[in-house]
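Mind the numbering: the sequence shown is residues 7 to 241 in the working numbering, read in order.
Each hint should be verified, as a subset may be incorrect.
[Stated by the list, open to error] Okay, the calculated beta carbon distance ranges per label pair:
#1 G128 / F83: 19 to 27 angstroms
#2 P111 / W200: 23 to 31 angstroms
#3 G86 / F166: 32 to 40 angstroms
#4 L64 / P119: 40 to 48 angstroms
#5 L141 / V80: 19 to 27 angstroms
#6 L107 / R202: 17 to 25 angstroms
#7 G118 / L64: 41 to 49 angstroms
#8 R202 / L73: 39 to 47 angstroms
#9 G201 / A117: 27 to 35 angstroms
#10 V80 / V204: 48 to 56 angstroms
#11 R202 / P119: 45 to 53 angstroms
Derived from the structure by calculation, the hints contain no laboratory data.
Values in this document were obtained by computation on a predicted structure and should not be read as measured data.
Glycine residues also receive a C-beta, built at the ideal position from the N, C-alpha and C atoms.
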Amino acid sequence: MTALLTREDPVGIASPAAPAKPGLADPAALGLGAFALTTFALSLSNAGIIPEAGAAVLAIALFYGGLVQLIAGVIEFAKGNVFGATAFTSYGAFWMAFWWLETNPEVAQAAGPAGLGAFLLGWTIFTAYMAVAALRTNGVLVAVFTMLTAAFICLTIGAFTGSTLIHELGGWLGLVTAFLAWYGSFAIVANATWGRQVLPTWAKWAAESWSQARARGESSGFVAGAPSSGCPQKR
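With the hints as constraints, model all of the structure from the sequences given.
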């Protein structure tokens, strides 16, 4: 019987090869799910549908929208995914900052409408350029970031002007964003679990929107550069 060696063995003691360690699971489904649920709860309040949801969302914002998205972002860093890492860690920090503002009334009072508007304006700018970057991922993420940009624009204008109508419009756009993000999470989970495309993410559309795309089908889920449907890749 021939022993498998991991290195040369001059003394004749065979060392069995270590079993291959499984790679890190795609954290995109978790991150998108956390983002979707927290956005959904807050948007119910912003749209004026369930005003009390604004208070109930605080616990979700700290743990699910904040901490869980940060964890997803760290995993994306480990997987070498710049887009996913930047998005998840940033929006995780956003929800933690939101929790801090809402649980420290003196801070929110000192900021006032203008301060809140400036806070939201910064996130609008960030989300807008992430929407541009998303054009190289898949159709679902393009839709998520486009709608989120529109929602932030309305919430920013509403904060600066005090317009309830525009603020509520931002809430409705936030609800659409949440459902799109939930769909993305569902698609990644379903496709990865079934081992085939169950739900489309329109990755081919995103890739073909760039002429002379350099790579296709190299990664799964949330990765920018070579988007796919979230199905496991055969190696």
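Right, here's what the structure says about each hint:
1. G128 / F83: 19 to 27 angstroms: 22 angstroms Cβ-Cβ, so the 19 to 27 angstroms window holds.
2. P111 / W200: 23 to 31 angstroms: 48 angstroms, violated
3. G86 / F166: 32 to 40 angstroms: Hint holds: Cβ distance 39 angstroms, inside 32 to 40 angstroms.
4. L64 / P119: 40 to 48 angstroms: 20 angstroms, violated
5. L141 / V80: 19 to 27 angstroms: 25 angstroms, holds
6. L107 / R202: 17 to 25 angstroms: 44 angstroms, violated
7. G118 / L64: 41 to 49 angstroms: 20 angstroms, violated
8. R202 / L73: 39 to 47 angstroms: Given a distance of about 32 angstroms, which is not inside 39 to 47 angstroms, the answer is violated.
9. G201 / A117: 27 to 35 angstroms: About 49 angstroms separates the Cβ atoms of G201 and A117, which means 27 to 35 angstroms is violated.
10. V80 / V204: 48 to 56 angstroms: Taking Cβ atoms as reference, V80 and V204 lie about 28 angstroms apart, which means the hint is violated.
11. R202 / P119: 45 to 53 angstroms: 50 angstroms, holds
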